[in-house]
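The hints should help you fit chain B onto chain A, whose structure is shown.
Listed here are the chains, written in short residue letters.
Number of protein chains: 2
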Amino acid sequence: MSLITVGTMAFDAIETPFGKTDKIVGGSATYVAYAASNFVKPIQQVSIVGYDFPVEELEELKSRGVQLDGVEIVPDKKSFFWSGRYHADMNSRDTLVTDLNVLADFNPQIPDSYQGAEFLMLGNLVPAVQLSVIRQLKQRPRLIVMDTMNFWMEVALPDLEEVLKHVDILLVNDAEARQLTGQFSLVKAAKSILQMGPKYLIIKKGEHGALLFDKDSVFFAPALPLEDVFDPTGAGDTFAGGFVGHLAKTGDISFENMKRAIIVGSAMASFCVEKFGATRLREITKTDIEARIQQFKDLVNFEIELL
Amino acid sequence: MSLITVGTMAFDAIETPFGKTDKIVGGSATYVAYAASNFVKPIQQVSIVGYDFPVEELEELKSRGVQLDGVEIVPDKKSFFWSGRYHADMNSRDTLVTDLNVLADFNPQIPDSYQGAEFLMLGNLVPAVQLSVIRQLKQRPRLIVMDTMNFWMEVALPDLEEVLKHVDILLVNDAEARQLTGQFSLVKAAKSILQMGPKYLIIKKGEHGALLFDKDSVFFAPALPLEDVFDPTGAGDTFAGGFVGHLAKTGDISFENMKRAIIVGSAMASFCVEKFGATRLREITKTDIEARIQQFKDLVNFEIELL
Chain A
3 MSLITVGTMA FDAIETPFGK TDKIVGGSAT YVAYAASNFV KPIQQVSIVG
53 YDFPVEELEE LKSRGVQLDG VEIVPDKKSF FWSGRYHADM NSRDTLVTDL
103 NVLADFNPQI PDSYQGAEFL MLGNLVPAVQ LSVIRQLKQR PRLIVMDTMN
153 FWMEVALPDL EEVLKHVDIL LVNDAEARQL TGQFSLVKAA KSILQMGPKY
203 LIIKKGEHGA LLFDKDSVFF APALPLEDVF DPTGAGDTFA GGFVGHLAKT
253 GDISFENMKR AIIVGSAMAS FCVEKFGATR LREITKTDIE ARIQQFKDLV
303 NFEIELL
Chain B
3 MSLITVGTMA FDAIETPFGK TDKIVGGSAT YVAYAASNFV KPIQQVSIVG
53 YDFPVEELEE LKSRGVQLDG VEIVPDKKSF FWSGRYHADM NSRDTLVTDL
103 NVLADFNPQI PDSYQGAEFL MLGNLVPAVQ LSVIRQLKQR PRLIVMDTMN
153 FWMEVALPDL EEVLKHVDIL LVNDAEARQL TGQFSLVKAA KSILQMGPKY
203 LIIKKGEHGA LLFDKDSVFF APALPLEDVF DPTGAGDTFA GGFVGHLAKT
253 GDISFENMKR AIIVGSAMAS FCVEKFGATR LREITKTDIE ARIQQFKDLV
303 NFEIELL
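For the record, the sequence lines run as chains A and B. Position in the first sequence counted from 1, then plus 2, gives you this note's numbering. Position in the second sequence counted from 1, then plus 2, gives you this note's numbering.
Just chain A, with the same shape it has in the complex (with noise of 0.2 Å):
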C-alpha cells in the first residue's frame, strides 16, 4: 500500500567520540525512505534539496521504490545543511550550524500521482507545513503519522495543537512529551496527548526503548543493547520509517500489528546508530533484518506459567 512521507532531505556534518564525517547525506524523510523501503513500496517522498544535492542518492532512492516526484529541487540554493557534536553518553548533543538554505521556503506541493495515499508519515517540520500537507490530501489517509520536537513546542504551539488534531499516531521523545503537557509521568502525559487529538502514542526512550500507548493499553519495545552506539543521527527517523514500513506492508493498523511495527522501527534503528549517517541502512539485507527481529524476540520474549 502507498505511503507518502513528507520530511527533510539534507546534509550534516557529525561528530561523535568515534569519528566524525565530513557533509553526509541525511535528513528525517531520507532515513523513513531508506528504512520504510524495506517493507512497502512506492514511497512517495515528498520534500526540497538544492543544487547540491547528489544525483546517485537520488538513483539510489529511486532504486529503492521511491518515488521523487514530490522533491523540489531548487537550482540556485543549497540544501538544508546541519552539524551536530554528540557528547560521550550519545544522549545529548550540542548543534554547531544550522543553515536552513532550501528549508526556509519550504511549501510542499502534493503531486496528483501522490493522491489516494493510505499512509502519511509526516517527519518534524514547522506544524503549518505538516498541516498544509494533509489538507492537500483528497482522500485523507487511512493512517497519518506524525513526527515533532520540542522547538515547535516553544515556537508554534498553537499550531502544533492544530496538527495534533488530525493525526492518528505522534512520535515523541520522553523529554517532549513531559514538555508538551507539563506532566512528569509518562503515564500522565500519554493520557493527556491522547486527549489533544491523536488515537496513539509512541513515546521514544533511545536506549531505553520505546512505549507504545492508546486509551486502553500499553506496549514496551526494548532498544537492542549495543557494544557501541556509534552515531544515534537519523535513529529516530529510521525507527519511523520501519514502523510505518510494516505498517504499510502489511496494511493492518490493529493495536496488535503496531507492537510488531514498533519492533520492527527498533530493529532498524539498532541497525542505523552502528555507522554513520545511513550507511549502515544502505547496507543492510532483508536476511539482516530477519536476524536483528529474531534478536528482539530472544531478548524480551518470555513464557511464565502463573503460580
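Hints should not be assumed to be uniformly reliable.
[To be verified] Subject to a maximum C-alpha distance of 25 Å in a straight line, what follows is the list of computed DMTMM-like cross-link-like pairs (lysine to aspartate or glutamate): (1) 217/A with 209/B; (2) 190/A with 229/B; (3) 251/A with 62/A; (4) 207/B with 62/A; (5) 190/B with 91/A; (6) 190/A with 17/B; (7) 201/A with 305/B.
These are computed hints drawn from the structure, not numbers from a lab.
Just chain B, lined up with the frame of chain A:
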C-alpha cells in the same frame, strides 16, 4: 527449597514529592523477605537489629515463613537508621541521616539450622561480611546471588573483587556497572564483570527496566509504566527477593528460568513503589501478583512472522 537471605533490618525516614514518613521499618533483608516469602518457605534470615525493632514486625515475618534464628537482637543499641529525600524525578536522592547503630558491629553467625540451604541472597553489605557468610556455609549453596553498591567500590574494592569470585549472580545498577568496569557501554561492562567471577549479571535500570546477561545471551525486562512512583525505597531489594524467590521455588537455575525470575522480581518491585516502604508488600495477595505478571506479559510479549 530453602533460601538464606543476609542484609539489613532497619528504620527509614523517607521524604518524596508525595509526602514524608516518620521512622518506618525498612532494610534490604526486610524487603527481600517480604518479596521472596510469596514464593518459597522457609526463608532463613540473617540480620541484626536493636532493642527498638518492633516485635510485631518480627511476628509478621515469622507468620510468612521467615525464620529469625539468624537475626541478632542487641539489647542496648538502636537499629540501623537511614533517612533520605528523593528528588522530583525519583531517580536521585539525598541521604539526610545514616546512623549505623547495631550495624557497626554486624558479624553474622550462621545458625546450624541454616546449614545446607540451596540458595543464598547476599544483600548489599560490607563485602567482608558477605564473604564471611559464604565461608561459614559448610556446603556451598547451588546459587549465590549478591547485591552491592558504589560505596564499596570506593572503599573496599579488593574485598569486593574477592567476593565476586565466589558468587553466581551479581546485581548492580547501571551506574555501578559502569563504575566497577570503567566501561560506559553496558554490554561491554557486562562482559568485563562476567570475567570477574559471576556467571550471570543483572543490571537494574530503575524505571528503565533490568538486563540479565550471561556470556552468550541477554534478556531485558521492562519496568511497568506507572502513573506515579510513590516511593522507590526498597524497590531494588524487592526485585532481588522476587527474583531469588522464584528461583528457589522452582529449583531451576537455567537462563530460561532466570528470565521468568526477573519478570517476577520486576512485578514485585512494581508493587513496592506504590506506597511508602514495605506497606504495599504487606497487602498484596497471590491474585494481585498473578495479575501483575500478566500485565508484564501484555507489556512486552509480541508475535511476529519473519519477513
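Original post:
What hints, given by number in increasing order, does this structure fail?
Top reply: Of the numbered hints, just 4 does not hold.
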